[in-house]
Structure formats: structure tokens, C-alpha cells
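The primary structure of each chain is shown beneath.
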Amino acid sequence: MSKIHVTTTVNGDQVEFLADPRESLLDCLRDRLGLTGSKEGCGTGDCGACSVRLDGTLVCSCLVLGVEAEGKTVETIEGMANGNELHPLQRKFVEHAALQCGFCTPGILVAAKALLEQNDNPTETEIRYWLAGNLCRCTGYDKIVRAVMDAAAELRGEAA
Amino acid sequence: MRYHTPSTFEDAARLAAEASGITRFLAGGTDVLVQMRAGAVIPDDLIDLKKIPGVSEIAQTEEGGWRIGIAVPGARLGAHAGLCADWPGVVEGMELVGSTQVQGRATLTGNLCNGSPAADSVPGLVAAGATVEISGPSGLRSAPVEDIPAGPGKTTLQPGEVISAILLPPRGTAGGDAYQRFIPRTEMDIAVVGCAISLTLDGNSIASARVALGAVAPTVLLVPEAAAAITGTTLDDDALAALTTAVEAACTPISDKRGTAEFRTEVAGVLARRVAKIAYARAKGAEA
Chain A
1185 MSKIHVTTTV NGDQVEFLAD PRESLLDCLR DRLGLTGSKE GCGTGDCGAC SVRLDGTLVC
1245 SCLVLGVEAE GKTVETIEGM ANGNELHPLQ RKFVEHAALQ CGFCTPGILV AAKALLEQND
1305 NPTETEIRYW LAGNLCRCTG YDKIVRAVMD AAAELRGEAA
Chain B
4 MRYHTPSTFE DAARLAAEAS GITRFLAGGT DVLVQMRAGA VIPDDLIDLK KIPGVSEIAQ
64 TEEGGWRIGI AVPGARLGAH AGLCADWPGV VEGMELVGST QVQGRATLTG NLCNGSPAAD
124 SVPGLVAAGA TVEISGPSGL RSAPVEDIPA GPGKTTLQPG EVISAILLPP RGTAGGDAYQ
184 RFIPRTEMDI AVVGCAISLT LDGNSIASAR VALGAVAPTV LLVPEAAAAI TGTTLDDDAL
244 AALTTAVEAA CTPISDKRGT AEFRTEVAGV LARRVAKIAY ARAKGAEA
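Each protein sequence line maps, in turn, to chains A and B. Residues in the first sequence are numbered from 1185 upward in steps of one, following my numbering. Residues in the second sequence are numbered from 4 upward in steps of one, following my numbering.
Think of the hints as simulated: they come from the structure by calculation, not from any bench. A few of these clues could be false.
[Claimed, not checked] In silico DSBU-like cross-links for lysine-lysine, where the CA-CA straight-line distance does not exceed 35 Å:
hint, chain 1, residue 1, chain 2, residue 2
1, B, K157, A, K1256
2, B, K54, A, K1187
3, A, K1327, A, K1256
4, B, K260, A, K1327
5, A, K1187, A, K1256
6, A, K1187, B, K280
7, B, K157, B, K54
8, B, K280, B, K260
9, B, K157, B, K260
10, B, K53, B, K157
11, B, K157, B, K280
12, A, K1187, B, K53
13, A, K1256, B, K280
14, A, K1256, B, K54
[Unchecked claim] Now the in silico label distances, taken between C-beta atoms and shown as ranges:
hint, chain 1, residue 1, chain 2, residue 2, range
15, A, E1342, B, D240, 46 to 54 Å
16, A, E1254, B, T159, 29 to 37 Å
17, B, A289, A, E1308, 21 to 29 Å
18, B, S59, A, G1196, 22 to 30 Å
19, A, E1342, B, A41, 43 to 51 Å
20, A, G1240, B, E228, 43 to 51 Å
21, A, G1240, B, G57, 14 to 22 Å
Note that CB positions come from ideal geometry on N, CA and C, so glycine has one too.
Between the sequences and the hints, there should be enough to build the whole structure, so can you do that?
Written as C-alpha cells, this is what we have:
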């Protein structure tokens, strides 16, 4: 099986890797590029733990082939913090204890960031629908929703 | 597995026609990659259609209808004001498919070609009178959407044929459409029953209608008898009762873990009444 050479941009950096055409983008990120923040929960697009942005669109990286990333831009959880400075969503997740085991957290953070970029003041209902494809078996979701609402308020410049 | 990225539908059709093993076309990948992952389908040739110019575009046709590229994901349909204004029932059907993440990739054409009788976007297309443009070894042909599904997981497309666009007719004035499904929760589930209706009005009277049902037969159904039951009426109680009778008569569902045949048949009638009222209100100018 001949591998295909892929050039793509991940978190602003141009990267190259060789991919088996059957390999998912998730596997390429984790195994070819060492970016293990994106997780594999189900591998079938149900759980959202592998959420990334592909040319700005929120997708499950398990449902994208690595070879499809050719010439595109990919944003993963690794690009979210600015050095050691957490993104407000990340900080609010810590403050609200919106995670326990943490396995779903990278995907939920990437998905929540995508939401806030297109809607800076989402309602609780809008957040719950937007995140319906991100499963969490620990928190019961309430803390996650509150953390997202609190982060949105801070990003809007409102006192929490 | 060989991965192909043709730049025209002619090349895509030729690749498929020449392939001897298992062939799959790739657009959004939300079904194909799941089947690959499960080992259910391991293609010998995977033909990615997304490098073909125009496949990600939604364009108004000269007649005033819409041409939807085969790689346009659900999220883009919902963000398109003109399409949502003309065909809200088509858009709301597609938007029920999967999560935000799936909406970023899943396409109308893929939902159709996956061949599920419960596909949420297909009844809306059938009710709208949508057609597909098909590229094949002998050139282009077109077919009504309802002619594509052949049974669960099967289509009437021939080897070497590939859908190259979905075409919606002009909405015209005083028209409306709607889709609803029943699921036992609020999100992220497969339709137990789905119903789409598109109709046009002449004054208060229904001038024409198309009624489509999902998940109550081996394929999505177009039900002319149900359309006839409300055509010429003002959707009064008698018309709604006749609609219910015609819809229930068309149902031949299976019983499975999501619902019994009797339950599906009854719910189909309930949904048809609700959907007809919404389509009627939209034809009267109600906001989707």
C-alpha cells in the first residue's frame, strides 16, 4: 500500500506527513504528528472527542481522511492556549470543574470555541444543542454549559 | 485501497466504470468512513469528489430553482438565506442529520445515496419534487429523487454512475414545505417515522401537493393518494382525516427496537397532519 504525501497547515504551522489513504485525520494527527490532544472515543462520529476545525468548520477528525487535509488548515486543541496562557474557555473549565476524567474535554473546548466565534452570546439551549455531538460520561454536562456561558460573558467583556 | 481525486465528473464516472472491485464515492464521508472503520465496506477504489469544481456551491438556476453541489454540507444549507426562504422543509430535514460536527461534513447527496429508508433529508427532497443530475459512462441524465432509493442501503444508480448535482425546482409564489420526524428524544437519533409535505395555494385552497414518508417502507415513499386527499381543499378537518387515512394506507413498516409497525403507522398519520398545517402556514407567508 503506497502512502500519500500530505502537506497541510496545523495550528498555523505547515506540516507534512505520509498517510495511508485509509488513515483518518485523527490517526494522522496523533500518530504522524504527535498531536495527541484530540482523542478517539467511538471512531464513528458519535462522541465528538476528536473534534477539530477543518478550514474553520467543526468536524470529527475520525470522519475525515488524513489525505483529505491536503492544502487545508486544521485547528486542534494544541493551538488553543497562547503559550502558557490558557484560553478563557480552558480557564473557565478549570474554575467550574467542568471536567473530571478529561477525555472529552479537548473536543468540547474546540467545539465550544467554534460556537462562540459565531455566536458570542449563546443561550443555554443553544449551547446544549451545539454540543449535542460531544459526549461526556462524567460531568452530567451542567458544569460544562455553565463554563461555556461564563467564558462567553468574559469574552464579551462582561463581569462574571 | 486506491484514493482518487478526479477533477471532473466524467473522470469520476470513468474511474468507477473501470474499477473492478468495491468502489465508493467520497463527499462528506460520514457514512463511508464509518463503514470503512467498522470493516463493513473496505473499498478497493475510493473516489473523492471534492476536488471537482462547483461541488461545494449552492447556485440559483435560470428558472429560479436551486442547484446544490454534491459536497455542500448541512451547515451550509442552513446558513443560506435564499434556500431557507424557498425550501425550509428541505433544509430542516437535512439539519436533523447528526451533530454540529456531522453537519460540517454530511451532504444531501450522501444521505440519499446511503439508501436508508429513515434518511431525514430525503422526504423533503421528494416532496419538493427535486431531481438529481447523474453523470455516467453515456453522459448526463436526470431522475426524480424518489427513483434513486431501491431498498435499505441500495440505489438504482448503475455501475459508473455518480450523482453530480441536486436540483430543486422554483418555489414560486404561495408555496410552502415542511418536514418532521418522530424520535423518542430531542436530538441525535434516527427517525422512527418522518414526513415531508410541499404544497402550493390558490387563494385558501391547495392547488397542488406532494407528500413523502420516511421509515415506514423499504424506501422513502412518495404518496400521491395522500396528496390527492388534500388537493382542492382548505386543509379543513375532513381533508386532514382523508390525509391521515391515505398516509396510513401507504405505510408498510417493519417492527423493530425503535417502534412497532402499528405505532409507526399511527405516528405517520399524526405527523402528516402536523406537517401539512406547517406547510400550509408557510405557503401563507409564515416564517420558517
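Now for the hints, and whether the structure bears them out:
no., hint, result
1, K157(B) - K1256(A), "holds, 33 Å"
2, K54(B) - K1187(A), "holds, 19 Å"
3, K1327(A) - K1256(A), "holds, 34 Å"
4, K260(B) - K1327(A), "holds, 33 Å"
5, K1187(A) - K1256(A), "holds, 19 Å"
6, K1187(A) - K280(B), "violated, 55 Å"
7, K157(B) - K54(B), "holds, 26 Å"
8, K280(B) - K260(B), "holds, 30 Å"
9, K157(B) - K260(B), "holds, 22 Å"
10, K53(B) - K157(B), "holds, 23 Å"
11, K157(B) - K280(B), "holds, 33 Å"
12, K1187(A) - K53(B), "holds, 20 Å"
13, K1256(A) - K280(B), "violated, 44 Å"
14, K1256(A) - K54(B), "holds, 12 Å"
15, E1342(A) - D240(B): 46 to 54 Å, "holds, 51 Å"
16, E1254(A) - T159(B): 29 to 37 Å, "holds, 33 Å"
17, A289(B) - E1308(A): 21 to 29 Å, "holds, 27 Å"
18, S59(B) - G1196(A): 22 to 30 Å, "holds, 24 Å"
19, E1342(A) - A41(B): 43 to 51 Å, "holds, 46 Å"
20, G1240(A) - E228(B): 43 to 51 Å, "holds, 46 Å"
21, G1240(A) - G57(B): 14 to 22 Å, "holds, 20 Å"
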